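There are 2 protein chains.
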Amino acid sequence: MTPPRILVFDIFGTVVDWHGSIVREVSQRFPQVDADAFALAWRAGYQPAMEAVRSGGRGFVKLDVLHREILDGLLPRFGLDHLGDAERADLNRIWHRLSAWPDSVAGLTRLKSHFTICSLSNGNLGLLADMAKNAGLPWDCVLSAEVFQAYKPDPRVYLGAAGVFDAKPGEVMMVAAHHDDLAAARTCGLQTAYIERPLEFGAAHVKDVSPQPDNTWHARDLLHLADQLGC
Amino acid sequence: MTPPRILVFDIFGTVVDWHGSIVREVSQRFPQVDADAFALAWRAGYQPAMEAVRSGGRGFVKLDVLHREILDGLLPRFGLDHLGDAERADLNRIWHRLSAWPDSVAGLTRLKSHFTICSLSNGNLGLLADMAKNAGLPWDCVLSAEVFQAYKPDPRVYLGAAGVFDAKPGEVMMVAAHHDDLAAARTCGLQTAYIERPLEFGAAHVKDVSPQPDNTWHARDLLHLADQLGC
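Protein chains in written order, with the working numbering: chain A, 192 to 422; chain B, 192 to 422.
These are computed hints drawn from the structure, not numbers from a lab. Hints are not guaranteed to be accurate.
No copy is singled out in the list; a pair is fine if it fits within one copy or between any two copies.
[What the hints assert, rightly or not] Derived DSSO-like pairs: lysine-lysine, alpha-carbon spacing no greater than 27 Å straight-line:
| id | residue 1 | residue 2 |
| --- | --- | --- |
| 1 | Lys359 | Lys398 |
| 2 | Lys359 | Lys324 |
| 3 | Lys359 | Lys303 |
| 4 | Lys324 | Lys303 |
From a predicted model like this one, the values you see are computed outputs, not experimental measurements.
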């Protein structure tokens with residue numbers, strides 16, 4: 192297989208640690224709250240919220256809006272229904288300031304020396320730009336579902352990223368910690384790299400990170416991917 | 192006036208030297224051609240080509256396509272009609288590898304330490320990402336007419352950039368070497384900074400860079416802008 196020239200990265204769980212970041216901030220702000228359950232509940236609303244858009248039942252709205260709707264829905268369950276609008280808005284921006292996994296900045300920096308590297312996330316552009324600035328993620332270009340007005344695994348996102356660079360799908364490689372994202376990318380003709388993130392859901396919920404043979408590469412983390420790709 | 196939190200930059204002429212870059216490459220490839228006239232003719236096709244999109248007569252097509260059409264139209268005039276498709280495609284990608292003005296990387300780096308900095312160009316995303324990688328432009332986010340499917344001075348571009356960051360228009364400042372771009376941004380409520388680029392069209396065609404009082408700032412170059420903004 193010809194090496195790719197563009198690497199596109201899933202973000203939540205793959206490049207940044209959403210669970211750990213939310214647990215840390217929620218624990219600090221609201222010591223009485225089960226922060227692990229809170230983080231998992233917020234994330235659990237993610238796919239159903241996007242599904243309303245993917246199914247065509249709702250026009251495209253950016254992920255900040257969906258995150259806020261999910262948040263508003265779960266606050267009563269955690270005894271936080273008294274939070275006002277400004278505090279909710281600030282809490283919602285947790286997703287803009289998620290911490291990178293320890294290998295991410297160094298791994299991306301090495302990969303950037305050999306490839307064009309872009310985010311390709313369901314997160315919106317402003318979220319991804321704020322996150323990159325905060326965490327030091329050195330993207331060549333911030334790409335997002337928002338650019339293509341469709342959420343992964345809609346093929347328009349994967350093929351749209353290739354189109355941005357006038358690239359054939361096989362010249363692009365999707366990098367993700369989720370086999371379903373990679374399977375959808377593969378269906379569009381992209382190469383795929385799986386990144387093990389066993390602690391994506393926290394140490395109490397270790398994730399199965401077994402290899403699946405259909406992926407082009409399988410790596411422990413982004414440094415290991417850089418090793419394998421000769422960066 | 193409240194300081195902006197996001198700076199958006201025009202690119203061609205403001206951050207990169209399109210005229211000098213094209214003259215250098217064309218002179219080297221085709222010593223028999225008047226490279227100054229060639230660069231000016233290519234650029235002269237730019238506004239009319241976009242106008243076909245802006246007027247609604249043509250759906251949005253990215254600038255790479257328009258640049259190629261203009262190029263195909265002017266090659267006969269310069270005795271280069273014999274160039275094949277691959278050579279034309281490569282020549283067209285000059286716009287992806289334009290050189291930055293000498294102050295741009297240092298100026299942007301200083302501005303980035305205080306503000307979110309984004310391109311906001313009629314160039315397409317792939318062009319801008321390739322250019323940033325090649326010239327070392329440290330964008331927080333690459334924004335383009337392509338994202339908003341409209342060409343400046345269409346208000347959707349300026350207001351779209353503010354929308355990406357959930358910002359009020361006055362929280363965004365457009366930075367450009369062209370008063371018409373700044374005037375359109377100002378109409379949308381953005382702050383404006385004019386950058387003098389007297390040599391944008393080459394040393395044989397020095398540009399009037401007189402201040403216009405409606406702009407929020409007026410700077411010799413991006414380092415001078417950084418000085419004035421306290422970076």
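| request: Please name the hints from earlier in the document that this structure breaks, with their numbers sorted from lowest to highest. | output: 1
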